[in-house]
Amino acid sequence: MSEPVVDLQNVRREIEAEVRARRATGEYPPGFDSKLDELFARFSPPEASDDFDAAVERAEEAVAIDLVIPVASNKPGIGLFKRVVAKLIGWYHAFIVQQVSALGAAITHAVRLLGMRVDQIERSAGHSERARVESARVPTARDDATWNDAVVRALDACRGRVAVCEAGDGALLRAVVHAGLDAYGVEPRFDLADGAIATGLEVRIDDAVGHLRSVAPGELEAVVLRGCVERLPVGEVLDLVDLATARLAPGGRLVIASLSPAGWGRGRTEIEADLAPGRPLHAATWTDLFTARGFEVVTSEQFATNAPITELPATHPDASTLNHALARISAELFGPDAYVVAGRLTRA
Amino acid sequence: MTSVHQFVPTLAPRDAVGGHYLAVRDALRDAGYSSEIYAFEAKDAYKKLALPFRSFEGGRPGEATWLVYHSSIGSPVADFVLGRREPVIVDYHNITPSSFFARWEPYVAGQLAVGRRQLAKLAVRAELGLADSAYNARELHELDYERVAVVPILFDTSSLGATEPDPALLDRLRAAKNRGGADWLFVGRISPNKAQHDLVKAFAAYREHRDPQARLHLVGGTSSHAYVTALEKFVTALELDDAVEITGAVSEEAKHAYYEAADLFVICSEHEGFCVPLLEAMHHRVPIVAYAAAAVPETLGTGGLCLPVKDPLTVAAAAARVIGDAGLRAALTAAGTARLADFDLASSRERLVAAVRGVVGPA
Numbered sequence: 000m001s002e003p004v005v006d007l008q009n010v011r012r013e014i015e016a017e018v019r020a021r022r023a024t025g026e027y028p029p030g031f032d033s034k035l036d037e038l039f040a041r042f043s044p045p046e047a048s049d050d051f052d053a054a055v056e057r058a059e060e061a062v063a064i065d066l067v068i069p070v071a072s073n074k075p076g077i078g079l080f081k082r083v084v085a086k087l088i089g090w091y092h093a094f095i096v097q098q099v100s101a102l103g104a105a106i107t108h109a110v111r112l113l114g115m116r117v118d119q120i121e122r123s124a125g126h127s128e129r130a131r132v133e134s135a136r137v138p139t140a141r142d143d144a145t146w147n148d149a150v151v152r153a154l155d156a157c158r159g160r161v162a163v164c165e166a167g168d169g170a171l172l173r174a175v176v177h178a179g180l181d182a183y184g185v186e187p188r189f190d191l192a193d194g195a196i197a198t199g200l201e202v203r204i205d206d207a208v209g210h211l212r213s214v215a216p217g218e219l220e221a222v223v224l225r226g227c228v229e230r231l232p233v234g235e236v237l238d239l240v241d242l243a244t245a246r247l248a249p250g251g252r253l254v255i256a257s258l259s260p261a262g263w264g265r266g267r268t269e270i271e272a273d274l275a276p277g278r279p280l281h282a283a284t285w286t287d288l289f290t291a292r293g294f295e296v297v298t299s300e301q302f303a304t305n306a307p308i309t310e311l312p313a314t315h316p317d318a319s320t321l322n323h324a325l326a327r328i329s330a331e332l333f334g335p336d337a338y339v340v341a342g343r344l345t346r347a
Numbered sequence: 000m001t002s003v004h005q006f007v008p009t010l011a012p013r014d015a016v017g018g019h020y021l022a023v024r025d026a027l028r029d030a031g032y033s034s035e036i037y038a039f040e041a042k043d044a045y046k047k048l049a050l051p052f053r054s055f056e057g058g059r060p061g062e063a064t065w066l067v068y069h070s071s072i073g074s075p076v077a078d079f080v081l082g083r084r085e086p087v088i089v090d091y092h093n094i095t096p097s098s099f100f101a102r103w104e105p106y107v108a109g110q111l112a113v114g115r116r117q118l119a120k121l122a123v124r125a126e127l128g129l130a131d132s133a134y135n136a137r138e139l140h141e142l143d144y145e146r147v148a149v150v151p152i153l154f155d156t157s158s159l160g161a162t163e164p165d166p167a168l169l170d171r172l173r174a175a176k177n178r179g180g181a182d183w184l185f186v187g188r189i190s191p192n193k194a195q196h197d198l199v200k201a202f203a204a205y206r207e208h209r210d211p212q213a214r215l216h217l218v219g220g221t222s223s224h225a226y227v228t229a230l231e232k233f234v235t236a237l238e239l240d241d242a243v244e245i246t247g248a249v250s251e252e253a254k255h256a257y258y259e260a261a262d263l264f265v266i267c268s269e270h271e272g273f274c275v276p277l278l279e280a281m282h283h284r285v286p287i288v289a290y291a292a293a294a295v296p297e298t299l300g301t302g303g304l305c306l307p308v309k310d311p312l313t314v315a316a317a318a319a320r321v322i323g324d325a326g327l328r329a330a331l332t333a334a335g336t337a338r339l340a341d342f343d344l345a346s347s348r349e350r351l352v353a354a355v356r357g358v359v360g361p362a
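Chains C and Y, in that order, give the protein sequences.
Residue numbering for the first sequence follows numbering that gives the first Met the number 0, starting at 0 and increasing by one per position.
Residue numbering for the second sequence follows numbering that gives the first Met the number 0, starting at 0 and increasing by one per position.
Calculated directly from the structure, the hints in this document are not laboratory data.
All the pointers check out, no bait thrown in.
Think about it this way: if two alpha-carbon atoms lie no more than 30 Å apart in a straight line, the pair counts; the simulated DSBU-like pairs of lysine-lysine are: (1) 34/C / 232/Y; (2) 81/C / 42/Y; (3) 74/C / 42/Y.
Quick list of simulated restraints, FRET-style, between CB atoms: (4) 155/C / 246/Y: 52 to 58 Å; (5) 28/Y / 72/C: 39 to 45 Å; (6) 48/Y / 38/C: 42 to 48 Å; (7) 159/C / 178/Y: 43 to 49 Å; (8) 216/C / 360/Y: 34 to 40 Å; (9) 336/Y / 67/C: 56 to 62 Å; (10) 111/C / 163/Y: 56 to 62 Å; (11) 242/C / 47/Y: 48 to 54 Å.
Positions of the beta carbon are idealized from the N, C-alpha and C atoms, including for glycine.
Please model the entire structure based on the sequences and the hints provided.
Encoded structure:
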């Protein structure tokens, strides 16, 4: 009898859809995953901590070498033998222990001094990790719907999987899904991700780098980078782009949806921009980066996220002069402050 | 006669790589080469099967001699091989990135880092790199190994049926099953890179939302006391002590019993260079749900359900689907059996000998 054949890709999609549906109905409560993560973290040993002080404390504990030589044994006679050996080498053992302990203590002290100097440098030069923590506390100021139309156009004719990183509250992802694309989101903030999941969207709770690392090379038809590309330092942005590129199938697309440097820090993004360790790049820079990485730039749209100043009606006696001035003021204040740049990978 | 001798860190029974060394020796001898195993240490029943590596003094005058170094961790054997003048073949079984162990077992992390450095140094000496998987081969290419061949680990799948399941254990497992609840199984060392804590999370979700009587069996020794301690505390905090069994190292008979009783093999590992337990699960016709990391998708092929994510709710949903869907289960076990045939020992031996002959020449 022949065994049944199943479409495993379809089974995977059904499973993912089921999980989304259960999350949406509340059967799977928000934060379920993060609570398990936090619980396991409680049992990690001190040296598993990323905290510098905890790590140095652990090193200081390890420096204290036991002076007492163990002599117990389950085997008859061996205990006596060990006691004799301990007696014979006791003085030398203590001599070596004192020197090794002194060396260890000196090294850990030096590491502590080095840590203090690094702290001072970070305080004076701007501490990116502190800024990152502080900015994570600030509610993100985003209205991703601004990019909906341009991103959907940039993804035109994509047939494979599309990852939208970050998905935020799901506005952009929803537009992409409604356009008929097989898209899912990636969002590191539990509250935003849970909110998007609750509306039935498929969202992975992870940061863009962490998620893309877990994706097999060539598995995605397109990657949309939104949000993270505004806040990350340039070096991390370049790493992220290289990682996303490696995950694209031949002919795949990389889409950048970002505020421009001119728009970043204006209006609702003021606080986020002040605290973020990075800043958005210009659209032209993305074009250059894409070209250098073997992409053909297929979309470069710039647009304004704010409406221009309303012009005077033509019936106004000074309409021509004033409207010309208003147009210039509008362009200055409310000109293009967002863009979508998309590239198609031309090399395998 | 040409000699092709193997140099290994440790030769031990109940270890897939240990079985590979012996199978390689036999394959080389059958192909007409003279072949011995030289080890840093040989354990238990394999003690007399290897010679001390420092006892190697080179081949007989006028006889071509090659050295095959098996790389899986840092070892003084690698430095010994590097110091020799004979041409070298490196058989790479993957070295777990030290970052997985740095927080839990700094000493092991150091050994792993040493292993990676030695592997890099061997690149200039290696006439050929052998890799268990394409995943491992990519790592060799990244280290500038010029010539690399993929040869699956030599694993005698027919040996899996050689032992009978431990009858007392099998009775206990079946009695528990008769009281209700599915049995999840994972076989492999308890180790940070194998991420058994993620498996426990998924199992907790499964118990809470799908099957409150389910059981999870984590079978295998440990590579990290700190990690297994944290795992045990985690299990207790989740009030799963009665449901999660951490067995430690077990006999082949006991392992057979666990496979017999399992409804599902689940793997959430972050890093595997090949993953022999997948083949074992296929042999025992246990359906597989796996997180697609490192070489797992490659070894699994279409022989199981591979997930792109391993969040607890998705893994639990996948497990529920496989356990509850008889058609899917039958299809997965059939696909597993078919996939297992790809690792047939005879064809893997042929690939190995052909790769070796390609650089060494005929015996």
